[in-house]
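Asks: Here is what each chain is made of, one letter per residue.
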Amino acid sequence: MAAHTLPIFKSNIMKKKTILLLSCAILFATALIYAADHIDAPGVTETTSDITDFYAFQSPENNSNIVFVANLQGLLSPSASAGATFDENVMVEFNIDTNDDAVEDLVIQCTFENGMVTAYGPVAPVSTGTSSTLVTSANTVSTNITAYGSNASIGNQNGVKLFAGPRDDPFFMDFAQYGEIIAGNASSFNDPGTDTFAGTNVMSVVIEVPKSMIGGSGTINTWVTSNRKQ
Amino acid sequence: MMKSINKKTAIVAVAAILALTMISCKNDDTTPEMPSMYTQEDQMGRPAINTVFVGSSMKDNFNTTAPSAQGAAYQSAFEARLLALNPNYSTNALGLDAATFTTVLATDVLSVSLDGTTTFFDGTNVLTGRALADDVISVELLLIFGGSDGSENPGLTDDHVDSNDKAFLTTFPYLASPW
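Taken in sequence, the protein lines are chains A and B.
According to this note's numbering, the stretch in the first sequence is residues 2 to 231, in order.
According to this note's numbering, the stretch in the second sequence is residues 552 to 730, in order.
Calculated from the structure, these hints are not laboratory results.
One or more hints might be untrue.
[What the hints assert, rightly or not] One side only, chain B facing chain A, incomplete, derived with CB under 8 Å: (1) A617; (2) Y725; (3) L726.
C-beta: ideal position from N, C-alpha, C; glycine also.
Build the full structure now, drawing on both the sequences and the hints.
Replies: Here it is, written out as structure tokens:
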């Protein structure tokens, strides 16, 4: 439909919008879950392996590095954050595809044990796909998991930096109004909107690696997975 | 005679016990630890893809399907979902028709440039990464509802939450301290 339409067609547009909104409502009535990936699926919702978000960007401190961020366990209130922990049976894996076939050529595997976080890699995986084996022969960096209210503990080894602990959720969105639109109770977003994730925390893993360790130049494909120990 | 046999038996038994003990000690010292095996439970590439495009009955399956298999398994469902969301969808601001757009989305990986600016969209660069401050939801709303020039469905193309509630850090680990 053209953006600029004569007034005579307005009622028709309104009807179409109503139909559109009703379609939305039907489609998403059973799927009122938090974006970006917050509480996205019944199998992991409100578990210690629930990934809420994933970021990958050039380091603000060093143009030769890339930063990966995995956030887990969304919508933690400040009072719940002090008691939040990483699951020792969950391994967080950053996957890196360097030849554009959506298959991981390199992985960075993060484990949590006895108050410490350890990252293995970047290293070629033992196998690809949805089963993983910890590559214990890889280079590692470790540091204390940062406690709520403490200064960030940062590991730094072989040019790789590592952090794990509670952080402010960097995601922002008027999810509540999105829900109202999808439910058919509103026809548009508000201006200004309200950040549903304001004042909430997540459990974050942040790792910064030299680009030379993950392909050097060109474009990589990346994704993060959470994996439970067998 | 009987005594001597008994003694010999005792000696052999003691030797056997010692040997077993030594073997088991040796095992403790040299046997490599069993490799730690893991099974995938959740995954994510681009923001909000599972949330918006995957039907509730398929969400767990999507989370445990390797990206290389997602395109074939989910593209048609994504296209149906896109056209249900926006029945007037023709192309978006990237010039992608419904089939092409959902082909890109169904393989849920985040592409990241190793050669410069990394952003979901900054007005110039498109899908070269995802930085903390990127307003990814408004970008996705625009691509779903905004039409070829971004002007369609203006009430649905921006949630008007444009930035985080806490300033990001300029140094590692970049994310703000918790509330």
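Asks: So, for every hint listed, does it hold in this structure?
Replies: Right, here's what the structure says about each hint:
The interface hint given for B/A617 holds, since its Cβ lies 5 Å from the closest Cβ of chain A, which is under the 8 Å cut-off. The criterion of a C-beta within 8 Å of any C-beta in chain A is met by B/Y725, whose closest approach is roughly 7 Å, and the hint holds. Because the closest C-beta pair between B/L726 and chain A is about 4 Å apart, less than 8 Å, the hint holds.
Hint compliance for this structure: no hint is broken.
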